[in-house]
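> The chain contents come next:
There are 2 protein chains.
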Amino acid sequence: MLDKTTTFNLLYDFYRPLLKESQRTFMELYYVEDWSLGEIAEHYSISRQAVHDRIKRVEKALIAFESALRLVEKFEQRKKLVRELKQKLRTGTDISQIEQLLDRLLEID
Amino acid sequence: MLDKTTTFNLLYDFYRPLLKESQRTFMELYYVEDWSLGEIAEHYSISRQAVHDRIKRVEKALIAFESALRLVEKFEQRKKLVRELKQKLRTGTDISQIEQLLDRLLEID
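Residue numbers (the working numbering), protein chains in the order written: chain A, 26 to 134; chain B, 26 to 134.
Take every hint as true, because none was put in to throw you off.
Any copy, or any two copies together, can satisfy a pair, since identical chains are not distinguished.
DSS-like, lysine-lysine: derived pairs with alpha carbons at most 30 Å apart:
| no. | residue 1 | residue 2 |
| --- | --- | --- |
| 1 | K85 | K105 |
| 2 | K85 | K29 |
| 3 | K85 | K104 |
| 4 | K29 | K81 |
| 5 | K104 | K29 |
| 6 | K111 | K99 |
| 7 | K105 | K29 |
| 8 | K113 | K99 |
| 9 | K99 | K45 |
| 10 | K81 | K45 |
| 11 | K99 | K29 |
| 12 | K45 | K85 |
| 13 | K85 | K99 |
I should point out that these hints are in silico values taken from the structure, not numbers from a laboratory.
Work out the full structure: start from the sequences and follow the hints.
Rendered as structure tokens:
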């Protein structure tokens, strides 16, 4: 199970292009640069609550994108399959089995 | 170079979850079921021009999604890399080279 910061960093990595400029700024500061809500609030002269609400909204949007497109989930599936492939290569599994795994890799889309 | 129908079918495949229900219905009929603009217009009792405009708007949205996320482009890159991998497997390339290609496959994300 990933912690919240890692999860949202990952989601942000995949879906950043779908966010608006202002949404990106807040995510960048809070999740990537690790600013506190208070620091962001002070920097933009808005309330801590306003910063909190905006970040919550972006988090919701990121979760909605993932539940629609599942890019992070598919990426994790591909990573697992590649690990499996490497292991099979090293143990000298026959080519047809490796080719089947490669085909499965393409089906994750 | 893919023709227009194939291109939009492919884009629709990847980005359908991001479209609204009504946008999906029109894309489904026009691109997947191959209805004409006139047939869709008649079925929904709206003008041919209105159908045309709606489909154009969805096409624009699909192009915008692809230019943001490049899912179709990445899928094509992965397909090409898997073809390359299969060829190398058959010609007995050494494992370290194949592993490098597998790592490149994961970097396409």
